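Colleague: Here the numbering used here runs 506 ahead of the position in the sequence shown, where the first position is 1.
Misleading hints may appear alongside valid ones.
Once the Cα atoms are required to be at most 30 Å apart in a straight line, the calculated BS3-like pairs of lysine-lysine come out as [to be verified]:
#1 653 x 784
#2 844 x 635
#3 635 x 655
#4 636 x 841
Read the hints as simulated data drawn from the structure, not as lab findings. This structure is a prediction, so every number in the text was calculated from the model and none was measured.
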Amino acid sequence: MVFEQELEHLTSPWMRIQPPPEGSELLAPSRLREAVGKAIPEKEVRSIWYHGTDRTAHVSLIDSDSLVYVNPYTAAVVAVVDHEDFFHFITDGHIWLWLPPEVGIVVTTWSTLVFFVLLVTGLVLWWPKKWNKVTRAASFKIKWRAKFKRLNYDLHNVLGFYSLIVAAVMAFTALMMGFAWVADGVYWVASGGHPMPEREWGGVSDTTVNKEVAETIQVDRAWIKGRTELANYHPDEIIVSFPQTPSDAIYVCTDMVAGTWRDVFLDQHTLDVLPSSKQAIPDLKFADLLFRANYGLHVGATGGMVTKIIYFLASLVCASLPITGFLVWWGKRRKKKKARKAAGPTNHSSSLSQIS
């Protein structure tokens with residue numbers, strides 16, 4: 507999942523387009539909606555996601571799992587693909603283990619809490635009682651030529667230490683998404699003792715005067731406003747939605763950078779920014795910036811390709827820890843059994859001698 511975007515771009519030719527002629531401009535949402543409407547007349551367009559100047563835009567449809575990829579310069583429909591692809595399947599497994607969501611999210615969240623506790627206790631066990639040349643070598647180096655038992659212990663102990671910080675960040679950011687009490691506590695600390703504000707999703711357009719759905723030109727204007735007024739980063743990467751009822755807001759998503767984004771809701775009739783919209787990144791306080799960056803921190807997108815590679819390697823180590831840890835536990839269990847068997851007859855004879 508760390509390299510999801512990169513792998514999808516490589517394996518999905520419909521996401522790429524030929525470089526447009528110099529001076530070409532992206533077409534407005536209404537033009538792309540019109541083209542999709544002709545190609546798939548039985549479906550209504552929900553939203554359009556522009557992925558920048560060098561990629562196709564993808565269109566989501568109402569009551570459909572299909573995504574329509576469109577050339578944003580010519581409005582030509584490039585492909586219609588199923589949204590339930592490989593990465594969507596992997597995401598479902600990562601979040602709720604392919605179980606019913608209300609069950610799976612509980613399992614994964616509590617498992618993550620257990621994993622975080624194991625990381626902390628593992629650091630305590632790793633910490634040498636004395637710092638000298640021998641303990642430093644044992645704590646920071648893997649003895650590759652050792653027997654399997656020692657090698658397995660080093661793989662668990664040493665690699666676990668090197669991946670500890672990244673693993674803890676991955677686990678804790680997941681806990682912030684899974685447990686409300688963790689999120690509330692982090693916000694309280696980061697904000698200097700202020701409670702987390704209630705976060706309303708969506709918005710309602712003013713229908714006191716306007717009784718009908720606004721014309722499509724309003725979505726085009728919202729798209730222009732998003733690119734020229736609202737966006738601080740990557741203005742050509744933007745999502746816009748089409749309202750279905752007179753009270754719907756026009757959803758605009760901008761500032762998609764390093765795993766963060768900004769959700770903005772506009773009144774479809776006036777294009778005023780509604781109160782439920784998120785603030786621009788430069789205007790955020792530390793606590794709000796921390797929460798905005800939480801997803802990027804979780805998936806390793808914060809530092810670009812460098813952090814993605816680090817997260818990928820740390821994820822491999824995290825996947826190995828239960829295996830190497832189980833083998834360490836199993837080895838100690840067998841050792842204790844052998845010790846009890848060896849001590850059993852001796853203790854028995856000793857007792858008899860005392861009785862006699």
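Colleague: For a C-alpha distance cap of 30 Å, please report whether residue 844 and residue 635 respect it.
Modeller: holds (27 Å)
Colleague: Can you confirm whether the C-alpha distance between residue 653 and residue 784 stays at or below 30 Å?
Modeller: violated (56 Å)
Colleague: Is the Cα-Cα distance between residue 635 and residue 655 30 Å or less?
Modeller: holds (22 Å)
Colleague: Does residue 841 lie within 30 Å of residue 636 when you go C-alpha to C-alpha?
Modeller: holds (26 Å)
The structure shown violates just one earlier hint, number 1.
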